[in-house]
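K.L.:
Work out the full structure, taking the sequences as your base and the hints as a guide.
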Amino acid sequence: MNFNTKLRLSVAAVALGFTALAQAQNSAWIESYKLEAAGKFADAQAQIEGQNTELSSLRAAYLTAIQGKFADAEARYKKVLAINPKSIPALTGIMNQQMAQQHYPDTIATAQQILKLNSMDYTAQTNIMFSQWKTSQWKDLAKKAAEVSPYYPTDVSILVYGARANAANGNKAEAKKMFAKVVDLFPGHIEATNYLKSAN
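Using this note's numbering, read the sequence shown as starting at 88 and increasing by one per residue.
Among the hints, a few may not be true.
[As the list claims (entries may be wrong)] In silico DSS-like pairs for lysine-lysine, Cα to Cα no more than 30 Å straight-line: (1) Lys-156 <-> Lys-166; (2) Lys-121 <-> Lys-156; (3) Lys-226 <-> Lys-284.
FYI, nobody ran anything at the bench for these hints, they're computed from the structure.
P.N.:
Right under this line is the structure:
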């Protein structure tokens, strides 16, 4: 057997090895999704553990999160971020786990990292507002809602955050204005309706 023949056989063997590995990984992913659909999240996670790719690490972190293991999931998302510091999915995962653990200052800080990469990211903007509401940062919340609302003019949640903040700040005119917009969009909104009745 000459050198060229050996080389061709060696390349073919390597190619077959990669093909077998890819098929095994694909099979694991298919099984993982099936197990997730059946509600077997830990088993779904186990199928892709050890692949050590950015995508598999993101999925493992997500499957950890939906088991309610928020601190563990946050740590996993941070490992993905170490691989790719510009990963918005990883940053979003970290932010969501922080909010689930009621770590609101951390949630805001991570959301601001996301906004440096994508200035009008909806999840980051609304998580900041939720965190500001939960920590009674009324001035910051009023400012944030006023900044974001024009980009999402039909989003009732943003208007409600802004109205609550203005009411807490004593700015009744602006609170009425925003709650009136809420009622226009959602006529049955109890909080907005009650505020407008009490403010008249």
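K.L.:
Now tell me, hint by hint, if it's right for this structure.
P.N.:
Okay, the hints, checked on the actual structure:
1. A distance of roughly 16 Å separates the Cα atoms of Lys-156 and Lys-166; the hinted pair therefore holds under the 30 Å criterion.
2. Taking the CA atoms of Lys-121 and Lys-156, the gap is about 21 Å. The hint holds against a cut of 30 Å.
3. Using a Cα cut-off of 30 Å, the hinted pair Lys-226 and Lys-284 holds, with the two alpha carbons roughly 24 Å apart.
In this structure, every one of the numbered hints holds.
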